[in-house]
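Please build the complex by placing chain A on the supplied structure of chain F, with the hints as guidance.
So the protein lines, in turn, are chains F and A. Each residue of the first sequence is one higher than the one before, starting from 1 at the first, in my numbering. Each residue of the second sequence is one higher than the one before, starting from 1001 at the first, in my numbering.
Just so you know, not all the hints are guaranteed correct.
Stated by the list, open to error - List of simulated lysine to aspartate or glutamate pairs, EDC-like, C-alpha gap at most 20 Å:
| no. | chain 1 | residue 1 | chain 2 | residue 2 |
| --- | --- | --- | --- | --- |
| 1 | A | K1183 | A | E1207 |
| 2 | F | K508 | F | D5 |
| 3 | A | K1508 | F | D608 |
| 4 | A | K1562 | A | E1404 |
| 5 | A | K1566 | F | E181 |
| 6 | A | K1353 | F | D608 |
| 7 | F | K566 | A | D1322 |
| 8 | A | K1260 | F | D5 |
| 9 | F | K566 | F | E525 |
| 10 | F | K260 | A | E1393 |
| 11 | F | K562 | F | D322 |
| 12 | F | K457 | F | E525 |
| 13 | A | K1032 | A | E1106 |
| 14 | F | K183 | F | D322 |
| 15 | A | K1353 | A | E1286 |
| 16 | A | K1159 | A | E1106 |
| 17 | F | K508 | A | D1608 |
| 18 | A | K1457 | A | D1446 |
| 19 | F | K469 | F | E583 |
| 20 | A | K1260 | A | D1322 |
| 21 | A | K1260 | F | E390 |
| 22 | A | K1260 | F | E393 |
| 23 | A | K1566 | A | E1619 |
| 24 | F | K260 | A | D1608 |
| 25 | F | K402 | F | D322 |
| 26 | F | K353 | A | D1608 |
| 27 | F | K260 | A | E1390 |
| 28 | A | K1003 | A | D1285 |
Unchecked claim - Distance windows between CB atoms, simulated:
| no. | chain 1 | residue 1 | chain 2 | residue 2 | range |
| --- | --- | --- | --- | --- | --- |
| 29 | F | K260 | A | E1597 | 55 to 63 Å |
| 30 | F | P623 | A | A1606 | 25 to 33 Å |
| 31 | A | E1286 | F | G589 | 57 to 65 Å |
| 32 | A | G1615 | F | P623 | 21 to 29 Å |
| 33 | A | R1635 | F | T620 | 52 to 60 Å |
| 34 | F | G182 | A | G1235 | 47 to 55 Å |
| 35 | F | K260 | A | G1615 | 53 to 61 Å |
| 36 | F | P623 | A | K1566 | 36 to 44 Å |
| 37 | F | G589 | A | A1606 | 47 to 55 Å |
| 38 | F | G492 | A | T1377 | 33 to 41 Å |
| 39 | F | K129 | A | R1635 | 49 to 57 Å |
Since the hints were made in silico from the structure, they are not lab data. All C-beta atoms in this analysis are idealised placements derived from N, C-alpha and C, irrespective of residue type, glycine included.
2 protein chains.
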Amino acid sequence: MNKNDFTHPLPLRSVRVTDGFWGSYQRRVLDKVIPYQWEALNDRVPGADKSGCIRNFEIAAGRRQGEHYGWVFQDSDLAKWLEAVAYALTVRPDPELERTADEAIELVCAAQQPDGYLNTYYIINGLEKRFTNLQDHHELYCFGHMLEAAVAYYQATGKDALLQAMIRYADCIDRCIGPEEGKLHGYPGHEVAEMALMRLYAITHDEKHLRLAKYFIDQRGQAPLYFEEEGRRNGNRFYWENSPFRYNYYQAGMPVRKQKEAMGHAVRAAYLMSGIADVARETGDEELYRTALTLWESATRRRMYITGAIGSSHYGEAFTFDYDLPNDTVYGETCAAIGLVFFARRMLEIRPKAEYADVMERVLYNGVISGMSLDGTRFFYVNPLEVVPEACEKDEGKRHVKPERQKWFGCACCPPNLVRLLASVGQYMVTARDGAAYIHLYIGADLVLELNGRPLKVSLRSGFPWQGKVSLSVTDGQAGGCIALRIPGWCGRYTLVVNGRPPEASVKDGYLLLDRTWQPGDTVELDFDMPVTRMAADPRVREDIGKVAVTRGPLVYCLEEKDNGKNLHLLRLPREAEFEIREAPDLLGGVTVLTAEGLRRSENWAADALYAPAGQSEETPCPLTFIPYYAWANRGIGEMSVWTRE
Amino acid sequence: MNKNDFTHPLPLRSVRVTDGFWGSYQRRVLDKVIPYQWEALNDRVPGADKSGCIRNFEIAAGRRQGEHYGWVFQDSDLAKWLEAVAYALTVRPDPELERTADEAIELVCAAQQPDGYLNTYYIINGLEKRFTNLQDHHELYCFGHMLEAAVAYYQATGKDALLQAMIRYADCIDRCIGPEEGKLHGYPGHEVAEMALMRLYAITHDEKHLRLAKYFIDQRGQAPLYFEEEGRRNGNRFYWENSPFRYNYYQAGMPVRKQKEAMGHAVRAAYLMSGIADVARETGDEELYRTALTLWESATRRRMYITGAIGSSHYGEAFTFDYDLPNDTVYGETCAAIGLVFFARRMLEIRPKAEYADVMERVLYNGVISGMSLDGTRFFYVNPLEVVPEACEKDEGKRHVKPERQKWFGCACCPPNLVRLLASVGQYMVTARDGAAYIHLYIGADLVLELNGRPLKVSLRSGFPWQGKVSLSVTDGQAGGCIALRIPGWCGRYTLVVNGRPPEASVKDGYLLLDRTWQPGDTVELDFDMPVTRMAADPRVREDIGKVAVTRGPLVYCLEEKDNGKNLHLLRLPREAEFEIREAPDLLGGVTVLTAEGLRRSENWAADALYAPAGQSEETPCPLTFIPYYAWANRGIGEMSVWTRE
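So that you can see chain F by itself, here it is in the shape it has in the complex:
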């Protein structure tokens, strides 16, 4: 870890997304999802599962009578919504939305207890029980999410009511939990507070906040195990008692610095890894950084789907073991993919290396946005790579896999999480340090960079994900320094022109470094080759052996029944098949479709038995149509498959 490598994301206000692809996602989120979710949080969406979220805060604030409704982590839905609103207001001012958010914040603050405590479940059900089940009751998780909202809202609006409330809550937690005698030696059962506290620390520079984040990480998994003692003391039920997971479900089976594998619940794991990276960077802790690197490699080189999905198993929504990546029983929770984006950017903040950005791009363009329907009204929790609708219905092992996106979930973690990410996608495209700005994602945007203390306005235009052409031009300002442009891992060949001429440029860690004095009118033109690529998985991935996945640029493609008929497993993509790249502006909101001449094994089986000597069925030529994976399940229910036999 080298401090000179460190970068930080641009403030969201310095990134105005103009991109056709992501801009359209942002508009959907702003126009539809945020208002829809507000209605959902208020239980005003007919046919959707009840939320009870706002109602819980009203009861906690003494404004109405009633019982707490929903999950112990119901508060976090409002937190994620508020965080999303903060980003939305930055992207596009909206006084009415801001008023609604202010009122919601006023409600949250009204529920806060005199000592700073702020969790509706315990405020309603009895404060004497608070902090008695850190393992499963998500108090610190809700705290973390609301803290993220507070920071984001403060950064977006300058209003600090929620921030001050959350600082008081952080103080309250700090008085109750920590290494000192008399305090609980605990940590979150579901991580996120670690990241959140680091965001708070970046504003307050109050050592207390850093210390608490670091404590949560270092205390996790230490013997004697806090969760075990807590359970004994308070008679809590241990759901994973007889499971192979046990405390690994919570990444607490051993001290964090000893962990070599991304394990347990995938969302928790991804949030923990993100927090580890944050603390490692802030403290310069080499050992913790090595832990982050080890977990990164475990998660992304041995336990990640080609779509960037993580979590192979429905059971525990969790990681299983190396190279165990079944396509049809996968969990691949949208939230876990989002968590992996968080982790990737934090690794980039420590060291800008294309590997991290490659994963970030893979996850964003595939396993994250597959979570939302194109019209922004329906959501996937689970993001499978192979679906047979009949199996989702009749095979218990696949019933968690839905062949169509759902309206809203009683456990509504994914939709608002997706919204906050999409609204703030600009925060993932560039990280910078004093003398250099690293462009990680080619998202069209107007950016305000700062190089060696001098602002530089640049306009980035990108054909991604459909075309490899990218241009970057300086529109205002003058500054000397390096603009580093990522060479995507999927790109074998590219051309680079600066002001009409091939420049001198070095490449480091997968970035083209353009170090010069930048002036208005300076233009960088890049053209990344974006061929169709047949990707294979590491042969140790049992489920993908003998198969290929079709990709082009950042996008993973898939076969859908709609285009290719039933029984997708009968299809084969011979090695020599050539692809045609076809723009389909009217299809699925405008996509590029890939077609190839494949083969289909006949269903007409000459034998009258289920098994017969090989050679009873023929293969005949059959056109194959591949669509981008993220866009699947937008044309009714049908089969889908990412991996195709070769």
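Then chain A, alone, in the frame of chain F:
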């Protein structure tokens, strides 16, 4: 259905198995398993799960104090053991074993209530509750198994104490359950009583017994649904309330004659289908026969593994849907395979057709005997076709799959079921009618046939499953009639010689018909070609596409890690690979091993990422060794796979 086609099995005493293969299984069962299981039933096996079975009977008989232990169907373990003993005594007299069985029967009879009722669970827990949960409490299941034991023991020893007790119990049930007003309009939650009553009827010719069996079948699934009413009336819990199964789990979602698919719990389904065939044959009921045919086709042409295993899913230990035959998450319960053997023989009794015998042979030589270790001390419940031990441990969806056989189960249905089948295997090899005897299985045995009323002793010698040579010679008696010899479905070419000369023989339904006057010294010699065959599955079987299974004669072969190294999925068997057939007398109790030159994809993956453009790893030649599937998991824990990529 044509009455002239009907056949019946030979009495077990008319079949003395001399076969090297099955004789050895019988010896293991007689020498080891029956004594071992008696110890287990008496809770005298250190380290094995407690049974409580005998103890329950002692308590029910008032000979000791205590509570009922174990499952509601614990009585059936003793029933299956007694049935196995009956067959064992026929195979090989054993006065001491017979004395033990007599004492056990005396105990069972002592537990019987004055009105004939006989189930330890309710005798101990309160008779007022009896027949209040036919759906789940297995009373009629235990009745059925004990009745089968009673019939078998009577046939083996001539002793009728248990038979008379069970006739009284049948009368008791008949007084309580039936179509008449005031009776419960119920039927077994777990079938078996149907078959058992038909065996009883064959002895008693008491219409009451036939009527009850037929009622159980015809009443099943009729509206208003008995189980639903029973549940409401007695407040029983309905475990499948929110499952897609609902009453189909019990094959009771619709009237039996309307059923088109083998569905629900596979053992239950197989036992029901067997009972349907029994009643159809006995009553000449065409509609019921068509139901049996329809269910046969569903079970064996669309829902059966190549090993003869049935039940694709752990959930409900059940059938799922057509062509859904996953190899690694399969259930394939040993008991269900046994049930399929029962069904196949009953279909043969209605019409001798090689298709039924082919399935019976497939199941017996593969999915049934895979359930027991070669030393007869350990058992599989679940019989997978693909195993990766790490996945059995770490993937919840595969935790029901064990990579090694277990000693004894708390729910000990499979081991004693296997024992009763192996002890009585002679009852599956021949069925006969007045003028004809059909040899279905080529198991070496001394047989007493009866042709047109005249006994004929024949000696059958067979090289199965290792060689295709079979000879049949008349050793005593003289009789005119047809000896029909099955041409196995896997055999493309054979030679037939009678008394040294090719005879005139017609073929019907897959049987060679040899109609003549048989005399001592007459000898039939058959030589069935037994080539190695690469079998494919119907292309609609998603999991087997692009793969082949290696078979030879009746045996399905598999790859084991022990011979082929880890990561069996990396192996491929090219279409042109040639097989070598090698006898290995010292391996696995003496087997024929198949070897071929295959290919192994290298685990050395040139890319440093999990996914990379195809072509990063090479295939190199690699010898493949296939062993018979039934013998897998006898050399320690390791991977196993039946299907290999082509």
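Each hint, compared with the structure:
1. A:K1183 x A:E1207: Satisfied, since the Cα-Cα distance of roughly 18 Å is no more than 20 Å.
2. F:K508 x F:D5: The given pair, whose Cα atoms are some 12 Å apart, holds under the 20 Å limit.
3. A:K1508 x F:D608: 17 Å, holds
4. A:K1562 x A:E1404: Within the cut-off at roughly 14 Å; holds.
5. A:K1566 x F:E181: 51 Å, violated
6. A:K1353 x F:D608: 14 Å, holds
7. F:K566 x A:D1322: Holds. K566 of chain F to D1322 of chain A sits at ~14 Å (cutoff 20 Å).
8. A:K1260 x F:D5: 68 Å, violated
9. F:K566 x F:E525: Cα-Cα ~44 Å, so violated.
10. F:K260 x A:E1393: It holds: about 19 Å lies between the C-alpha atoms, which stays within 20 Å.
11. F:K562 x F:D322: 34 Å, violated
12. F:K457 x F:E525: 16 Å, holds
13. A:K1032 x A:E1106: Violated - the C-alpha atoms of E1106 of chain A and K1032 of chain A are around 24 Å apart, more than 20 Å.
14. F:K183 x F:D322: Violated. K183 of chain F to D322 of chain F sits at ~38 Å, over the 20 Å cutoff.
15. A:K1353 x A:E1286: 18 Å, holds
16. A:K1159 x A:E1106: 12 Å, holds
17. F:K508 x A:D1608: Given pair K508 of chain F, D1608 of chain A holds - Cα atoms ~17 Å apart, limit 20 Å.
18. A:K1457 x A:D1446: Holds, because 7 Å separates the two Cα atoms, which is no more than 20 Å.
19. F:K469 x F:E583: Holds. K469 of chain F to E583 of chain F sits at ~16 Å (cutoff 20 Å).
20. A:K1260 x A:D1322: 12 Å, holds
21. A:K1260 x F:E390: Measuring from Cα to Cα gives roughly 18 Å; hence the hint holds.
22. A:K1260 x F:E393: 19 Å, holds
23. A:K1566 x A:E1619: Holds - the C-alpha atoms of E1619 of chain A and K1566 of chain A are around 15 Å apart, at most 20 Å.
24. F:K260 x A:D1608: 18 Å, holds
25. F:K402 x F:D322: 25 Å, violated
26. F:K353 x A:D1608: 14 Å, holds
27. F:K260 x A:E1390: Holds: K260 of chain F and E1390 of chain A sit about 18 Å apart, inside 20 Å.
28. A:K1003 x A:D1285: Between K1003 of chain A and D1285 of chain A the Cα gap is close to 11 Å, so the pair holds against 20 Å.
29. F:K260 x A:E1597: 55 to 63 Å: 39 Å, violated
30. F:P623 x A:A1606: 25 to 33 Å: 32 Å, holds
31. A:E1286 x F:G589: 57 to 65 Å: 58 Å, holds
32. A:G1615 x F:P623: 21 to 29 Å: Given a distance of about 24 Å, which is inside 21 to 29 Å, the answer is holds.
33. A:R1635 x F:T620: 52 to 60 Å: 44 Å, violated
34. F:G182 x A:G1235: 47 to 55 Å: Holds: the Cβ-Cβ distance is about 51 Å, inside 47 to 55 Å.
35. F:K260 x A:G1615: 53 to 61 Å: 31 Å, violated
36. F:P623 x A:K1566: 36 to 44 Å: Distance hint for P623 of chain F, K1566 of chain A holds at roughly 39 Å.
37. F:G589 x A:A1606: 47 to 55 Å: The hint (47 to 55 Å, Cβ to Cβ) is violated, given that G589 of chain F and A1606 of chain A are roughly 37 Å apart.
38. F:G492 x A:T1377: 33 to 41 Å: 59 Å, violated
39. F:K129 x A:R1635: 49 to 57 Å: 55 Å, holds
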